[in-house]
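Chains A and B, in that order, are what the protein sequence lines are. According to numbering that gives the first Met the number 0, the residues represented by the first sequence are 0 to 424, in order. According to numbering that gives the first Met the number 0, the residues represented by the second sequence are 0 to 424, in order.
According to the in silico footprint, chain A covers these stretches of chain B (three or more CB under 8 Å from chain A):
{"no.": "1", "region": "150-163"}
{"no.": "2", "region": "254-266"}
{"no.": "3", "region": "330-343"}
Hint data in this document are derived by calculation from the structure and do not stem from the laboratory. Every residue gets a Cβ at the ideal spot worked out from N, C-alpha and C, and that includes glycine.
There are 2 protein chains.
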Amino acid sequence: METGKRLTTNAGITVGVVRKLLHRGARGRLGRILTKAYPVEVARLLSTLKGSERAQAFSILLDECEAAHVASVLSEMSPADSTAQVLALMEAEPAADVRELLEHEERTAGRIMTPNFFALDEEMTIAEAVSALQKRSEEYEMVFYLYVVDKRDHLVGVVSLRKLLTTHPSTQLKRIMVTDVISVNTGADQEGVARLVAEYNLLAIPVVDDEDKLVGIVTVDDVIDVLQEEAAEDLLALAGVTAEERVTTSAARSLRLRAPWLLLNLITTFFPAFVIAQFDWAISKYAVLAAIVTMPMGMGGNTATQTLTVMIRGLALNEVSSVRQIVLKQAIVGLGNGVINGVIGSCAVAVFFKSFYLGLVLACSMVINMLVAAFAGTLIPIALKKLKIDPAVASSVFVTTFTDVGGSLSFLGIASLLINRFPHT
Amino acid sequence: METGKRLTTNAGITVGVVRKLLHRGARGRLGRILTKAYPVEVARLLSTLKGSERAQAFSILLDECEAAHVASVLSEMSPADSTAQVLALMEAEPAADVRELLEHEERTAGRIMTPNFFALDEEMTIAEAVSALQKRSEEYEMVFYLYVVDKRDHLVGVVSLRKLLTTHPSTQLKRIMVTDVISVNTGADQEGVARLVAEYNLLAIPVVDDEDKLVGIVTVDDVIDVLQEEAAEDLLALAGVTAEERVTTSAARSLRLRAPWLLLNLITTFFPAFVIAQFDWAISKYAVLAAIVTMPMGMGGNTATQTLTVMIRGLALNEVSSVRQIVLKQAIVGLGNGVINGVIGSCAVAVFFKSFYLGLVLACSMVINMLVAAFAGTLIPIALKKLKIDPAVASSVFVTTFTDVGGSLSFLGIASLLINRFPHT
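The task is simple: from the sequences and hints, build the whole structure.
Right, dumping it as structure tokens:
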């Protein structure tokens with residue numbers, strides 16, 4: 000966390016200048032430049048440098064800058080600039096910190112917390128607390144709340160910096176601290192932690208171990224990353240994309256990440272193909288059916304995607320309460336859009352192919368399949384969630400299978416009943 | 000922003016107790032309960048109460064609680080609990096504040112900022128600043144940075160609360176303040192503001208008007224909301240869903256919100272239908288073609304969705320630098336997945352329909368269409384962005400048209416060349 004200090008001169012951080020200083024071996028001067036720069040700027044600089052230059056700049060950062068600043072820089076770097084490389088370069092205490100964090104499971108409070116927090120003994124007075132703050136505050140990433148612990152490091156209270164300024168210096172911390180502190184366990188899921196911080200508008204949340212000892216804090220800047228990731232994650236999964244794939248991901252890795260979803264979808268494409276193949280006799284008689292069947296299939300798929308997207312978001316945000324009401328609503332929306340699109344699409348098709356019955360079949364099929372889309376789009380994610388399967392990952396494959404089958408079966412089924420009504424080709 | 004104070008007893012905030020106090024007219028006691036509770040809890044309580052009870056609780060909140068607390072509660076409420084209702088209930092100063100905010104355009108810094116900030120004159124000493132803070136800090140939503148202004152309210156610097164604690168009391172603010180403050184104009188886009196706060200790990204960012212006068216601050220809790228919204232917005236648009244549609248949106252409103260996208264898609268479904276209709280002679284001869292043509296179309300659509308989703312996210316996060324490199328990479332991924340799925344799908348189809356040539360045509364078409372998907376999925380969003388059209392909103396309609404046409408044209412085109420090689424039906 001930074002107030003607003005920035006590089007005094009922008010020129011100071013250009014890669015050119017940094018390279019020059021590296022070659023001159025001006026470690027001290029470079030260290031001062033890196034200290035003054037924003038963590039995000041240092042991270043950018045490091046990612047621009049190559050090979051040995053980068054390693055050199057890294058080691059200067061580690062030797063010349065405060066641990067808190069180094070931690071901030073690291074948190075700004077992409078996971079690709081791997082922890083291993085950093086660990087290899089780091090020594091003694093900071094490395095121990097990072098290793099400790101890595102002991103916690105991924106996606107938990109323990110993994111995203113910083114062990115650099117400021118905690119004081121409950122017996123201390125305000126005056127003592129202020130003096131401790133004056134001496135040691137520079138070491139810590141963020142001091143906005145002062146966490147208060149007892150003799151055995153158990154978290155017992157919290158005091159805001161503001162309260163510290165407005166209370167008589169001889170008062171003991173335990174007299175003014177708020178004792179009902181919101182805290183989380185190291186094993187708590189990072190999404191839950193992030194939501195708690197966001198909901199209660201906290202700047203940091205203390206993390207305690209199984210014995211209730213204070214072991215770290217999760218700050219709001221880390222929470223922002225988690226919440227952004229989470230908001231995008233479900234919607235990405237719906238499109239068959241994992242959150243880790245970026246435009247910059249290598250071709251080999253993208254291929255590996257996407258292949259399973261495409262292969263799963265390949266299997267599902269057999270279902271409508273199989274349905275259509277059953278109606279080959281009807282299609283042989285009137286080949287235009289093969290052209291028009293793609294319309295209810297496509298429109299059902301689009302409706303399903305809309306419904307599913309709204310549902311996945313609703314489930315993620317815990318907004319789904321009455322299933323019956325939601326299904327009923329989506330059915331109405333599906334019916335409404337089915338009628339609108341069915342009528343318009345049918346008129347165009349009837350005129351173009353000079354067949355009233357072709358238009359009629361399309362209209363019926365469109366309405367049916369958009370209802371199928373509404374039901375599948377709402378019920379499948381709810382069912383998957385009940386079965387403890389992530390609805391965001393699995394829903395779209397199932398739902399589009401339903402709408403592909405629903406569209407082809409309803410259209411060709413009705414068409415085959417009216418096969419003698421179509422123009423002869 | 001809250002330190003950690005919470006309702007002393009959870010029973011105090013149950014709807015039952017609140018109702019009892021409302022009926023007894025115990026405004027003072029209820030006021031104290033509302034003051035102690037977290038904003039999010041008060042907001043939830045208010046949303047549970049109905050009609051006159053709600054209005055009463057509102058008026059108690061406004062009369063008995065501090066403006067900052069009221070503002071926090073309001074920010075936790077859904078937009079549905081409309082500003083109008085609140086304005087009607089509010090009087091004098093707080094209402095003036097809200098009206099002032101409403102004067103700014105939607106989605107700007109001016110609209111999301113709070114006008115309750117703590118600013119001090121540059122000539123003040125640390126001692127004077129601390130005493131001002133002690134007297135007035137309760138009025139403000141958040142005091143972590145002290146903004147420093149000159150005689151004409153121009154923002155000239157910033158001092159952290161931490162710095163205040165660690166500097167000699169007789170020092171003037173202007174001697175210790177950081178002068179290079181990151182600030183934004185009231186008209187700045189809220190997304191840009193949010194990204195600035197997130198990138199530089201700020202807790203708040205000062206907002207200045209066109210004359211550089213400090214008029215408000217945007218705090219990190221509001222930034223969290225903007226960033227979550229933003230992360231989801233583009234991906235929702237890609238699925239034809241507007242960010243305002245939730246599971247709880249009324250059927251009529253959902254219908255209106257979704258209809259335009261579906262109608263646009265309806266138009267695009269005519270293109271593949273038209274392509275397929277051109278090959279009615281081939282389909283009449285071998286109707287199985289009608290079944291299998293849906294496979295390259297579907298797989299192209301899935302590949303396009305994946306590619307497009309990654310691209311839209313990359314564009315939003317400004318990660319797209321070298322267009323040529325990205326297109327090349329996506330083409331390789333598309334080619335790879337086309338070959339994998341083409342081979343597997345073709346073998347299954349060749350065996351099932353006892354036709355080597357049918358499998359061969361499918362394999363070629365799948366590879367071609369997954370390349371089409373890769374090119375359309377990367378180039379269309381880039382082109383739309385260059386044309387200043389939001390790629391998230393418009394891309395998917397164009398891209399799927401390309402893959403539907405690409406899939407049907409390549410499959411039926413090649414099939415018609417080999418029409419005499421297929422089994423006779």
